[in-house]
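S.K.: Protein chains in written order, with my numbering: chain A, 7 to 1115; chain B, 1296 to 1796.
Hints in this document: simulated from the structure, not taken from any laboratory. Warning: the hint list may mix true and false statements.
[As the list claims (entries may be wrong)] A few chain A positions that, by computed beta-carbon distances, are all more than 10 Å from chain B: (1) P90; (2) A739; (3) P787; (4) P790; (5) R973; (6) L1086; (7) K1105.
[Stated by the list, open to error] With a straight-line cut-off of 20 Å between C-alpha atoms, the simulated DMTMM-like cross-links for lysine to aspartate or glutamate are: (8) A:K1067 <-> A:D1088; (9) A:K648 <-> B:E1626; (10) A:K460 <-> A:E448; (11) B:K1485 <-> A:E853.
Quick caveat, the model's predicted, so the values are computed rather than measured. Where is the CB? At the ideal position from N, CA and C, for every residue including glycine.
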Amino acid sequence: MKRLLLFFLAGLMCSMRLMAQQGPGITLSVKNVPLETVLVQIKKQTGISFFYDKDILSTAGKITLQVEKADLETVLSQCFKNTPVSYSVVGNIIVLVKKNAKKNADGSLKMSENLFSQNDVHGTVYSNQGERLNGATVIIKRTHLGTTTRANGEFELRNVRTNDTLHISYIGYAPLDVPVSLQTEFIVMLKETKNELDAVEVQAYGLTTKRIAIGEISQINARELERQPVSNPLMALKGIVPGVLITPTSGFSNAPVRVEIRGRSSIDPTSVSDPLYIIDGVPLVQPNIGLQQSSYQNGSTGLQQAGITFSGGQSPLSSLNLNDIESITVLKDAASTAMYGSRAGNGVIIITTKKGKPGKTLFNVSANQAINQVIGHYNMLNASQYLQMRREALHNDGLVPSVSTAPDLVLWDPNRDIDWQKILWKSARSTSANASLSGGSELTTFRISGEYSKQKDVSPLADINSNKAAKISFNLNHRSLDQKLSVDLAATYSYNTAAQIMLFGITTLSPNLPPIYDDNGNLNYAAWNAANIGTTYPFSGLLIPSVSSSNFLNSSLKIGYQVLNGLNVSMQMGYNLGLNNNNLTTTIASQNPLYNPTAQVFFGDSKSTGWTIIPQMDYTRILGKGKLSVKLGGNLNNAVAKGLTTLALGYTSDQLTRSVNNAPLVSNLQNYEQSKYVDVHGSINYILENKYIIELSGSRDGSSNFGPGRQFGTFGMAGLSWIATEEKWVKMALPAWFSLLKLTGSYGTTGNYPNVAYQYLSQWANTAGGTPLYSYNGVLPQVPIHAVNQEYRWERNKELNAAIDVGFLDDRINLHTSIYRKRTNNQLAQLPTPLFTGFATVQGNSEASVQNTGLEASLRAGLLEYPDFSWSARLNFSQNRNKLLAFPGIEYTSYYTTQKVGKSLNTVYLYHYKGIDPQTGQRSFEDFDKNGFISQGNSQPGSNGDDRWVAIDLSPKFETSLLNQFRYKNFILDVQLTYKRFTAASPYSQTGGLLNTNIPIDVFEDHWQKPGDISANPRFTTLGSGSDSNFMNSDGAYTNGSYLRLQNVALNYSLPDKISKKFGMQRMNFMISMQNILTLSDYPGIDPELPFGNQPQPKTINAALTLTF
Amino acid sequence: MKLHGLKINAICLFCILCCALQMACKKLIEIGEPINTLTTTEIFSTDATATSAMSGVYSTMINGFDGGLASTSSQSVFSAGLTTKLGAVSSDELFSSSYVSNINGDVYGANKLTVINATISPTIWSSAYSIIYKANSVIEGIAASKSASLHNNVREELTGEAKFIRAFCYFYLTNFFGDVPMALTVDFNKTANLPRMSRDQVYQQIIKDLKDAQAVLAADNSQGKGERTIPNKWAATLLLARAYLYTGDYNNASIEASSIISNHATYSLEADLNQVFSTSSNEAVWQLKQTSEDAQLKNATPEGLLFSAGDLNHHGYVQYGLTSQLISAFEPNDKRWTTWVDSTDYLIDSTKPGRNTYFPHKYIIGTQNSGLGQPVPQYYMVLRLADAYLIRAEASVNGASGGLGTAISDLNSIRHRAGLPDLNTNLNQLQLKNAIARERQIEFFAEWGHRWFDLKRTGQASAVLSVIPAKQPWLGDGQLLYPIPRGEIIADHFLTQNPGY
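Just chain B, same shape as in the assembly (with noise of 0.2 Å):
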């Protein structure tokens, strides 16, 4: 019998084994955080990893969302690339040769875009907002930090820069899709369901978060150890003086653009055509800088890879020409078009024979030339210099201090450099109006969706565009605005569609 209790023990003890596993379950299956991972705490627990994460952000914006390990999808980011493209084939600038490539013909350059067809402006909408989601990650981050080691002056650096990024993208946002939600946290059970805010809320929110910005930011370029790579209180200047002349609010566009100006130690117009978009300009306010270690890219611009020829002598193949419309508005003898155009004979239009094709060459290293992991000479280019001075010409035309007067002298500051005469001093204010929209053209052509947003803003959209021959038949002034990308509609039935769609 003795034995029999002792098996009756065993049966306890197996018993006893059971319950405490099931006691012990919680602490059973707790397992180490992610090897690989950080969590939100931790990256905002010290200066360094605060500041990866808003390196984070640049690294996404100019080199895309697919890294080193899969073909380079920068370009179908719209802070590297795609904003050109679609803004310059949108408005009157380049033509499109996806005739080869493309079923559909090019439906962006004869503005035939429908919900359907339209495949690439949705990554516009949806690089924007994962950088959106990056940027509030930041500052939510930062602001829920209890970490001693997170020091005040990152703490704001940091915040800044986030902010300055956010009004960044939701600039681009509204400029191309119109009314748009406004994610301003990372809470997706708040944001799920958001509708769309309109373009003066938008503008609100970004002049708030660009004077934020401003307030905080670094004065000069210590972020970017000397490189003009890290937005500083200069950028968020320059763009808070474009938000304001975007917005009507010409005193204050003119406020912003010339405390820019006036910082001659730091900013200075390049006299020399070529240097404008070299790593060194002086004329560069904010400039992403690109890997040189992309298998594609190697060592060049998106744009540089995107609107370079296929070989260096003049006859490869070009995947975008400039349009007659543009070709024809360089006056003569303008040094940029030497610079800043190239040709091939290379035929986009097989049906046209014997035509030159003409193309951006702002950047200058592209298929050909690029090489893995060589010298980088240019960075990419987002903010510079011209844009304050023309800025400030068009605001002082439209009523802000120095009246016509400065709006002449900074046109001719532009026009010094690309080695053409000065203005009349006569114009009147229409006139003024129109050199100023044509030194814009010409200055920033293929060149951030400048023509684009500025036809539309200015009232001209229509009345350019619609008589252009690849534009017909014109569908009206719907087009201006792309739609809405058709999955968010359906993922957010508090969302609408743009007119026409």
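Pulled out of the complex, with its shape left as it was, chain A reads as follows (with noise of 0.2 Å):
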């Protein structure tokens, strides 16, 4: 006779009680019926699935019931009440046992009988979610072997000792101690893990948890998005993710996002720090062909590949809706990301959007309401103030206001006075409004999402600049009734469309500037050539607009089937495609009505496509005292990448703009790339009895980007962990509140690609510079386009990373420290080649050797935690130090007046300002090689020739933040501060007394007026001169410029579940959340990260409702 034991889990009385108050209640009508068809009555009209051995069927007998809107509980005891049956609620699952089948296994076992006697067991692991769970693993702990179960969760074990404990695990849920007893069969649920240590974390072609990973992974789930304000998901990483630098790239909503992991690995301006992107399993390739470039300090153009907008591309993560994002995670060393191999030299961030579970399907609206707020102007100089500074600068030098030399002072009104800031700097509003569906049963669940967006940058004349966004994702998967086939599909679909106008140096505008438009409401031209000043006028670009409309598509589909018990195949095809066309037009009402101006609009198309196909193979069993997974896959890559841009000239009205039909004279510059990639990928993890995890990866790669004979490498990594708690004497030895130490080790290599096609070949084309060329005499033009160079090769990190991980409390406090050396050779670079060889660059490998070292640290406490209330922070903090290490013959490279050896790739060589000289008014600097001159040479910064002797490194010295929640009863409170240390480009180094150009308040109380004045800043001057372009090249332009930012702070309240169901709604949540709230700095500007004169960075205020049904 088999005896069945049940094991119970914490909370399921709560879950019960929950149950209980779900739905109308059941009502049934049934006399002497089986079992079975009261079971399937109960589930139709409730939704709750039954666990049950068949034979209890039987030994039920015949049923009769009569209940009207009944809760749960009254049926099932009614129904129960004179059979040999019990049963048990667990979640959403109710399990049937004999009434006689022990319900816990807390010690009453008969001691009558042979402890040591050996028994065949077999069981089934189920979630408390009521799925089987296929390759669960099972492990009798005296002997450390065991088994993993199987796709439908069953296992058995041989020769099991009744005295025994079988330790039971998996993935993501709670492990569980087992004692077997006498008994033979086992139903056992595991619940989803509390502790962060065990929750999942998505890793490179898989899943982990911290407490067995050995690679620097850091996940950033579903929650931690939310409560920020962001337009872009990767600005939602901003201060949060130790190890990743994130800088916006402009103050346009889907402008790129420079991200940098780890520190500047390369000496090349021209390359992008991005990392490789994968959403859902698809490697997201941005191609770089576009007129605009992709760099370092600009990133990637993203999917504009073509043509010319203001935010610089789009990024195709801002395509992404915030709301689908289940959680993104950066994989940051070469232990993590060796299986990406050569794409990974810069990390990897892997986005997961959400799926369906199963259970009623729930309905889920929000909408958002933000305003994007300046947070502060600059004080500059009132009319009369900036009057009196132009008079003296004209004063000072000799010369006689007239028109040619003072239109402000001889024509302008001197009564006008305008704080242009406050005129062009709006304050913005943007709405949001999101809906899903979601749902499904245990073998099939779904999800549908969309969103409308339609968001305004805080940019000049906010009315103009906008951003409308529709974005619709889809999920939907699949097990076989046996669990051994899955199918999972995910896309996601977006259309963007941005307008964009730009003006500049509006900071600096003369107060008494005449208005912007004249009495017909054209743009004043009149005001501005009897001035007769030769520079652009200010506000044309008012009359400038650029569109650009994106789609973005990416859609994966896996289809995997266990072949074997612990043996996965699967196929994963994924398909991206972005598509975007802009068009930037120059109106003939922007252009000075004196030169008979014509319209011009550049037009841009592009199209990226890529597709990926990955054959994956995941074996894992029990082999020894131990566990071993092995990877095995492979990964074929097709990105094609093609830009139009069409230059249409000579419209003679503004009107006939839309259309390059309407256009006298057109010229086309088309761009294309192909790029292929392809690779075997691997890894082998063994953990021994949860102490020793030992795991070896690696790839071999080829990419389309090199040369014949270059086009492979080979990558991988060797990674140790230890967790020493899990050793008897380690723990006796340890203080009981010591939960978790573990350290850990490793040491790979990854590379990089060049992110530019063909460099190998030799190409003609009639372009040149990016741009066409015109025919001559009729005949076509065709010209070589880049030096050719054949002998590239892969460029190579080693990377050694080595991590102590810490617990106490039972792991309620959690300590990760890792430190790291990542050191990068054979860079992938434009070789500066001198001139007359024909072009300024060819592609190679440089020999800079470049070294970025590093301390991480992430520390989680939940500090307390009561059934109302709850407080939890997290603390980061993350320095890194760059190095150019070595660099053999940088004497004979452009980069010898640049950089230095041993010194940070940022560092900028400075003058050293010695202050304002009394005498002359001039600003004077130290004369270091006492030449008699201020110089820069052609030899290394501070040496003999050159007085650049002051370095100063502009990457951050450390980044840290603090989040805290708070919770009470159903508030949850969020709040974010992060502090950074770093020196930033001063915001006052002007010289007063330019025409048109206004300066900060501050300058002009504390200059020099007259020989003997001891002041801050120079005498006012029309001229300029030596000392004042010097001063930009000096350490008087660069000031502490650390600051402490309340960055976020979150508010959320759900309505209490009785009220929301009264409503009809499963939960109703409301947020407020803020973004950029206050910085505390002594940096004399107003926002220490943007130099003097830009647009502050926005305080953005949003409110959320979240209804749920």
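Need the complex rebuilt from these two chains, each delivered in its own frame; the hints are there to steer you.
M.R.: Dropping the structure here:
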């Protein structure tokens, strides 16, 4: 006779109560029917599943039952009143057992039975959601031998002693120890873990947990994303992932975001630091063929591969709906990225979208309303101060104010006094609406979601700059009945259109500048021409609009099959598509009517597609006293980008500019790139006795971006981890509150392939400098477009990483600390060559060796935990030291004058500023080489012939953030503080006195006026001299930019369930979140992260209401 | 167990697949050639595509390197106005209004160049070498081509054109910079560490290339479809004559100049000065044909745009004005003054009120009257017959056959059409040399740096320029050569800097 034992989990009773309140109640009227019929009825009405042994059905006999709108508990107790069956509720599942079966293994064993008798046992492992867990580990604790469950969750073990304990574990679930006793059949349910160390994290081609991971992985989950009102998911990582530097490249919300993981590794300023992005398993290859070039500073232009926009590109990730993202995972070191081999030199970011959950179909709607506010204005001179400055400057220069020297004094109205910042920087509103539908059965789940958003950017005249987007996504997941076959389909699609205009230098416009528009509403060129200033009219940008539209599709289909117990094979196919078209229109109305202007438009049209095929095999088994996991797979990726930029010229009317057809003259530029990538990758992971973890992984990669014979490279890693607290002697030696000590070390190599294709090939085109050439005498021109080098080879990163994890108080507090050393050699770079060779650069491998060393720490603490109140905190710290380790032959390269071995790549070399000369009122600098003048020469900074001896490293010294989360009843409050230590460009570097160039009042109030004056700022002048231009290259132009910022506060309130139910809702949630609230800094400007004159980053306040039905 | 076997097979199949994948890797990453570009082999496989390669050379020479999608950069190409601009300012022809725009003042006009403030002269270097690279590509590409569809006559013609262009570029490089590195191949491994070659060696290469070109180039203007827009045998001849003159080989200079002067069927001095720079000029030996589709340039020539006034009513802003030295060099009643010079009352220098500013007006289309896609009345003149007369005159004075008599008659040819009286036949050698220098100064003012080069090669530069007020204090003859661009010396440690920098 089989004996069945059921193990309960804590919190069951609680979930039982919840169940009882669900739905309109059960109505049943049956007489003498088999138990099975009743169960089917109940399932129909409640959606609840039952698990039972078939034998039970027959023992129960016939059932008679009459209930109306009864709750589940009543129905069940009546149903089983006169049967030998009892039940237990586990989540959405009801398990039926025989009444005489033991409910708990609480030591009530009959000791008379032979403790050492051996039985064969078998059982099934379920999740608390009722899913059968495929591949759960079942280990006999005594021997460390064991097995893994089959697809249907079943396992068998031979010769298990009655006094043995089974250790059952599954990734993401709390492990469970089950004493065997006399039982031979087990139904085991694992509950999702609350311990962060055991929570599921995404890793390369699979899943892991913090407890067993060897690589450096940081993951941000949906909860963290929701509280941040950002338009690009990458911006949500800012400050909260140690070792990841996130920098927006402009104020436009669709603009590229620069991501740098663990420091700058390339000496080449054209080299983009972006990591490899993987969305639902599909790598996103961002080409680089556009007219606007990608670079280290500006990141990749992303979806935009043709034309010109003010945002300098379109981040493909801004096409994702934040509400669709389940997690963003950052793989930082070689150990975690080695399987991506060559593409992982800059790290990997994996984005996983949300999937449906089995159970009731949920309908979720939310609405967001946000306000972006200007956080401050620069305090500039008013008109009378400005004019006083101008008069003084002209006087100093011995000039008489005239129309040509000083139209602001002679022509313009001295009584006009405008603060242009107040007129041109406006607050902006953003609105978005979201809806999603999800649900499904145990075998098939789905999720559909959609979003519409309309966002305005705080930039010049915000009513013009706007960004509208519609996004939909779809997830379908299916398992076959025997759980062996799995099919996962994910797709996300978005359409986005951004309208932009751009004005430059608003902050410094003269306060008495004539009005923007004349009486007829046209740009005021008449006043401008009267002044006869040779420079561009500052407001022409108002009538030069740029409109850019993008479509982005990312889709993936993965079919998996379990061939053998523990052996899964899968095939994933992915496709992504990015379309962009943009036009930048220089209208006739924007131009000076004096020169008989015609309108011109840049039309850009680009398409980038990528498909990927990933065959994969995973094998897991218990081998000896440990668990062995082997992965083997391949990757074939094909990316094609096409761009067409058309310059249409000579429009005689602004109305005609919508179409290229109306342009008398057209010139075209087509760009094209294809890049193929293939790899075979694999890993072996062995966890011995849950104590020792060893992992080897690697990949062999080929890329078509290399010349013949140099296409393949091999990369790999080895890592070792020791969980010391699993050792008895360590456990004994440590105090009881010390719950985890884990030491990890790894070494690995990754690579990089060139970010442009075809450089090994001689290429002729009718373009030069990226633009088309005019025909000569009717003959189409063809010119070589780059220098040819077939010799360049794979870039190689070598990374050493050591980490220590400690946990206290049952892991309620845990600290992860890692140190790393990453060295980049054979750097792929555009190597500078003398211009007389024909080109300024050639693709090659630089001799430079760059090192990044750093320390990252992440502390998580559940500080207080009560039923009604909890407080948890997270502290992140990261510090990176960048160093040009070696550069043989640097003196023969152009880097000789800008870089020094032993210094950071982000170092600037500067003159030493000595203050204002009291006699002349000019700035003075230290003549370091004492050759009589201030200069930079052809040699190293600070050597003979070069006065730039002050070195300032502009990379941040360290960055730290503190996140607090407080929960009181249904309120959750998140508070995020960040601190960054770095040197910034000083806001006060201008010399006062130039025409139409306003200055901050601080400069005005402390400037040199007459010989003998001791002042902080130089004399006013209209002429400028070397001393003024040298200032920008001196240490005087830099200052401490360190700041402490209240980055984010989010208050979330969920209506109590009872009340939501009354409204017919599952859940009702209200959230107010604020971004960039308060900055404390010694920095004299407004925003230390942006140079003087730029519009500071806005403050965002967002309100969101979410209803779930 | 049978089922088990099946599973084993499945594993094997998977492994085989993976292995096949690895083996097939090379195949898997094969890609086609890019659709928007051609390889060198493809370019030099047919007559038409090879001609396109040479067209690329001419197009960049006149239209610059940032074609139609960016604002025009034609004036930053040595062959599209930059040589004229810098040569005129560095010598005594033009002064610049950069007082307003340039914080350092006009360092070219003052001859106060340093390695750091020399921001424009390096583009002479970079543009010339970029064009040399393209010419080298043609020479090497044709030599390496085994294609039967690239015919011998085309091979010879295009190789000749490329060699001519190479010689032309080196001529200007050595005159601006002195000794220069000589890149004669496209292989950067061979050229990246070149040292500078002496001016003599550079001229030897120039003369060799020009002789090669002269031997194979078409003797008529068939390549330019009747227009004089592609250099032919006579362009090579004229430049060769100039190279001989500059190297003091007067006999050869005279021979080459005579040979083109005697080709009356094709070349003659235009009697009407308005016609000299026109598209149909009989005086033209080689003209670069600009586009009319550039947003900024429209249908103007680069110099037309550069020197024109902001409006047509003689009030507009100009960037460059004629120096008093040049103005006073004009003889009375010189038609070139009335035809090739214009004026505006715009005050370049507001501290000196009440002065008319004169500016070059050889090209009639400028900012104010240009039109996108409009007809083009003038091409950009590179070589013209007047040069041959003045070369032969100078060679004759210096001992070439014909002697002083030829010199005087050649000078008079030029003077006639300017409406000036004949020279006195009694002039001695020195007087005649001075007369030739002055004639060159006027005839070629604001044209291709003639004055700057003439002053330097005749040893007059220091004496003439050091007394000009705007150039005080005269820093010495080091300023007669521009500095080798700083970046080049950094990138190639075998390069040396010119003395004085």
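S.K.: Which numbered hints are broken by the structure, listed smallest first?
M.R.: Violated hints (numbers, rising): 3, 4, 8, 9, 10; every other hint is consistent with the structure.
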